[in-house]
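Undergrad: Chain residues, written in single-letter form:
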Amino acid sequence: MFGLIPKEESFFELFEAAAKNVHEASLQFLEFLKEFNDLNERAKRIKDLEHAGDQITHETINRLNRTFITPLDREDVHELICRLDDIVDLIDTSVSRMVLYKIKEPTQDALALAECLRHATAILVEAVTLLRDMRNAKEILKRCVDVHTQENEGDRIEQHALASLFENHHDPVFIIKWKDVYQEIEAATDRCEDVANVLEGIVLKNA
Amino acid sequence: MFGLIPKEESFFELFEAAAKNVHEASLQFLEFLKEFNDLNERAKRIKDLEHAGDQITHETINRLNRTFITPLDREDVHELICRLDDIVDLIDTSVSRMVLYKIKEPTQDALALAECLRHATAILVEAVTLLRDMRNAKEILKRCVDVHTQENEGDRIEQHALASLFENHHDPVFIIKWKDVYQEIEAATDRCEDVANVLEGIVLKNA
Amino acid sequence: MFGLIPKEESFFELFEAAAKNVHEASLQFLEFLKEFNDLNERAKRIKDLEHAGDQITHETINRLNRTFITPLDREDVHELICRLDDIVDLIDTSVSRMVLYKIKEPTQDALALAECLRHATAILVEAVTLLRDMRNAKEILKRCVDVHTQENEGDRIEQHALASLFENHHDPVFIIKWKDVYQEIEAATDRCEDVANVLEGIVLKNA
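Heads up: the protein sequence lines correspond to chains A, B and C, in order. Using the numbering used here, the first residue of the first sequence is number 33, and each one after it goes up by one. Using the numbering used here, the first residue of the second sequence is number 33, and each one after it goes up by one. Using the numbering used here, the first residue of the third sequence is number 33, and each one after it goes up by one.
The shape of chain A in the complex, shown without the other chains (with noise of 0.2 angstroms):
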């Protein structure tokens, strides 16, 4: 898949095909959310794309294990391409969780969470395609400030979210279940601030 890019360009191309998948992934969870038909079908397609993932991390540890001459620091080319692969997962968790539970329509609340999922991952794209060139740095710390900012987004909104759960419903087992995909929806979010971290990380060391 990636065997005919030069070497010092293929750990980008990696990095960018993570980061496509991460917010194809995000795209497919807001769909998810506003169409909630063929639940199944929707979240075996999100499963598809956490295994995607998974082959992109594999190849990524594999290349850096052949490679003599990484680009960037080979500890942090691992963690880069380990941090963007849990946001797919978690956002296959909570996919797989509402699925779970049954959950009977989603709340404005999750799909506002949803939309700042979505907007923080198209920021993390943005960022890991200017980190070819560490003549970028300054562009690439100014989008992970933008992460943060979605990240203090997300933290608002499932406290909102919370707030209304507890505050209209009374039905102890509906608040656990719902709590819990707010948590993991806004963990999410948390994984794209850690993404964040790790660049601001090289571009400092780098730049």
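Be a bit skeptical, because a hint or two may be false.
[As the list claims (entries may be wrong)] The calculated PhoX-like cross-link candidates involving lysine-lysine, where the alpha carbons are at most 25 angstroms apart (straight line), are: (1) LYS174/B x LYS211/C; (2) LYS79/A x LYS237/C; (3) LYS79/B x LYS211/A; (4) LYS211/B x LYS79/C; (5) LYS79/A x LYS79/C; (6) LYS237/A x LYS237/C; (7) LYS134/A x LYS79/C; (8) LYS174/C x LYS211/A; (9) LYS211/A x LYS134/B; (10) LYS211/A x LYS211/B; (11) LYS211/B x LYS211/C.
[Unchecked claim] Sample of chain A residues lacking proximity to chain B, with all beta carbon distances greater than 12 angstroms (derived): (12) LEU59; (13) ASP80; (14) THR99; (15) LYS136; (16) LYS170.
[Claimed, not checked] Covered by chain A, according to a simulated footprint, are these stretches of chain B (three or more residues, beta-carbon under 8 angstroms): (17) 91 to 103; (18) 156 to 167.
Bear in mind the hints are in silico, worked out from the structure with no lab data behind them. Glycine included, every Cβ here is placed at the ideal spot set by N, Cα and C.
We have chain A already, so just place chains B and C on it with the hints.
TA: Chains B and C only, in chain A's frame:
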């Protein structure tokens, strides 16, 4: 704010400012629980400390990006300031949740956890202040062990808190709320241990 | 305890001791669930392993601080030993919670999760033992993939466990307790993956 400090030293000023900000948040949190009045006003004050923490983190990253020679490895400067910031975030979340859940009165266990957090953050201020001189290595490592001890104490208190929560209460929604609050506070003490781990790593690398 | 081992090698002895301690905790945990008698006595034995893990971590940090040349980067030695320790902590927490919650009998899913953890920690012992010789790089990376596989398996079991919990039980307090127990055990398998990530990082840097 930090403009007049000579370059080499300014990172230590920022670490100390961040650690003192964390400790101040823990003091305000303890007072919030002890007094348990003017909750919104008190919550706002802690939110302000959270924003102050974000500012210090942001300033540190900007300074890293403008500074050629740093007193510690760039990635360690970045990691230390980010992990310190996590603690204030979790104190702020704990307070927000208590307000959101319309908690009527704090428990003895919540107070004990907050006291444990106050203790751990006081030790972090000491450890971070000692970081200016690597001849303090042993003293810093001793402080890190003390933070680990406080984290174990936090675990023990959380265990007690959960035991008495399930023993004395049968309303599931009440249990869900307090279980969440205890976990957020305990997570803050876990983040103190993360900072201790970063400090240990820095000392072991540089001493 | 580790005083007679020549310097260079002693870190590997400590890693192996830590990994074996983690694995022993997983075996004791499986037995705790299978036998489900003398719970306090069995919980105490696992708490003792947790203290033994703390001791090994402490000894490793002291040794790092006294050793001039280390076989791996100092920060990697530190990271590996801390992440191994996290696993025992979570096994200990899982057991404490089951005792505290006065769980009447273990579920098949809890047993399956503990078996998954036993498997993952057995692989970690192998991987850590191979770490003495970087010519084992491929073999170590293969073990890391196997740990990732076990972590995915842990996710799958947790998913099944939650499905049957919500399907078959309607007492919210019962659900809260078991959901928490499952999450703690699954978190222990997540921490095995963290150790695998550290090992991958070390191998990719040094091989």
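Undergrad: Starting from the hint list further up, note which numbers the structure goes against and sort them upward.
TA: 1, 2, 5, 7, 8, 16, 18
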